[in-house]
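Enquirer: Chain by chain, the residues:
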Amino acid sequence: MTDETETEDEAQSLFEAPPMGEQERMVEAVLFASAEPVTVAELTARMPHGSEPAEALVHLRKRYEGRGVTLVRVGDAWAFRTAPDLGYLMHKESVETRKLSRAAIETLAIIAYHQPVTRAEIEEIRGVSVSRGTIDLLIELEWIRFGRRRMSPGRPVTFVVTQGFLDHFGLESARDLPGLKELRAAGLLESRPPPVEPSEDDEDEDDEGQSELFEE
Amino acid sequence: MTDETETEDEAQSLFEAPPMGEQERMVEAVLFASAEPVTVAELTARMPHGSEPAEALVHLRKRYEGRGVTLVRVGDAWAFRTAPDLGYLMHKESVETRKLSRAAIETLAIIAYHQPVTRAEIEEIRGVSVSRGTIDLLIELEWIRFGRRRMSPGRPVTFVVTQGFLDHFGLESARDLPGLKELRAAGLLESRPPPVEPSEDDEDEDDEGQSELFEE
Amino acid sequence: MSDDDFQADVLSVSERMAAEALIVDVDGFEGPLDLLLTLSRTQKVDLRKISVLALAEQYLGFVEKARHLRIELAADYLVMAAWLAFLKSRLLLPPDPSEEGPSGEELAAHLAFQLERLQAMRDVSARLMGRDQLGRDFFARGQVEVVERRKRVSYTATLLDLMQGYARIRTRDEFRPFVMDRESVMTLEEALDRMRHLIGFAGEWTDIMSYLPEGWSGDPARRRSATAANFAASLELAKTGAIEIRQGETFSPIQIRRKPND
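Chains as they are written, first to last, in the working numbering: chain A, 1 to 216; chain B, 1 to 216; chain C, 1 to 262.
Hint data in this document are derived by calculation from the structure and do not stem from the laboratory. Take the hints with a grain of salt, since some may be wrong.
[To be verified] Heads up, simulated DSBU-like pairs for lysine-lysine below, C-alpha to C-alpha not over 35 Å straight-line:
#, chain 1, residue 1, chain 2, residue 2
1, A, Lys62, B, Lys99
2, C, Lys239, C, Lys259
3, C, Lys88, C, Lys65
4, B, Lys62, A, Lys99
5, C, Lys88, C, Lys44
6, A, Lys99, C, Lys44
7, A, Lys181, A, Lys99
8, C, Lys65, A, Lys181
9, C, Lys65, C, Lys44
10, A, Lys181, A, Lys62
11, C, Lys259, A, Lys181
12, C, Lys88, C, Lys49
Quick caveat: nothing in here was measured; it's all calculated off a predicted structure.
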């Protein structure tokens, strides 16, 4: 019995997690090497057994505060990005992004603030139909993706924004969208069905829409 | 004469070089974002007048000493590199990504949309036989797996998609895959004859969009 | 919202000029709701305090003017006009207790809500696009580490690939008219492939028609296609020196044989 315990202890020490300073270096190296945000789960998988990348990230973030490169959070992933105030130095690097039409921008905003949202709801908010190319373009940019189907008649597909969207606009999560709180407080994110014959209204949708946004 | 000198002086002070700490940040950001090592001359050209990137580089190099990332000289240019002792963390990065073949994509799509589906059914839908390799590859990728046997003569095996499939394609469930009408509405049917007037303006398509809207 | 207020609104010169500017620009609007939002700005009040009745009047006036100037309005503008006319009558008439459905006030409140919501979405889109953006204001690592060769092949496909693949299969039938009907067409490749095998046995002059595969000599369409393919294949084979080809006179049978080896 005692023998076995000892062996276990030895094994334990063999796989002892590296010191935090070392873990910080590892996280730094992995994030530096990647252009895409890396999740904590991926970091854990790559680092030696017993490492705690989440803690290392806290230290690392502090270390890079105010530097020319900063550590940012994108959803449940992390990435190094240059400080926005130095953008002007980088113009050689910047790739001309396709200019988005007003319809595309508004559709994107509606998806971000109302997600998960169906096509019909987007059309209801904008007052015009969503043209075919718009959704296509936003999917291609990997800024939106299909969410869960709505449990309403016809089971329409819904759209939600992606991690790529958060990354592009420098948002930690969809909760950090500018003005989200004010809009919610003003009741402007509720899906309020138009007042029609009382038999037809199905209000059960509101709650679902709201709660799902904050589950993420 | 004196006037001019004064103006010059003013200009001089206007373009005073930023403090060294700030210059260090700039060099840091530029080197980080650049795809190639950057020479001192290039840094000088990009940074505000009067900057001394050579000195900033000395400070920056010291700052990164012993970190997970180091500043190295490559010829007469400079670049960040992950610390050599952490190279083993980078191994997993070396994945060669290949685009899935058209046959495999179509087979996968049919399984996703029609699951559980037998091999014979896949062949009927695709109109060509499905090679063993295709199914094997999809199983190996853990995107499909065997489902329950069909209770029909011969009790053929069926295929279904996996959780890994859903994760990869960013879907909550296979039922969230858009239907044909939705695909068309989103402009994702490539075989569709091109629109009559390929105009820049999205809104021109409204009428067409409208009729489809009500088909849904 | 009294009727007088509205009259004053409509009659003001600046108002009319604004309305005319709108008419010239009618293409610039993204549908009735967008137009209503623009019109509501002329009231110069908080959207929550907007007079829907005045707005309805403005809109109807706009449609009337457009009609006058013989500008063709899309159907949805007219639908909205009809609805606003209905709303206006509800707002002006005392409520009829026996009447079913929502009151004029409820309908007006909903329209005001829609306008406020659309405006709010426009505001936040502007704020969103005004944010620092990746690749414009801040940047990702430019030089992704090139790593040692411990290769593992990973296959990728995007959701778009998947859906387009599926759409390709499912819409094949719909687009039938655009593709050749392969059933009764023999391609040059097929004929060539077949004749290459057969020609080994053709030491003697043989009529080219005897090379038609089984099942291709009955139906005229199939026969035509197979003949043409076989003929083209023969020319191809003659060109490469595999066979010789001859025809006694115009319209007489074309014969081929394997080129003697000597």
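Enquirer: Are any of the numbered hints broken by this structure? If so, which, sorted upward?
Expert: 1, 4, 8 and 11
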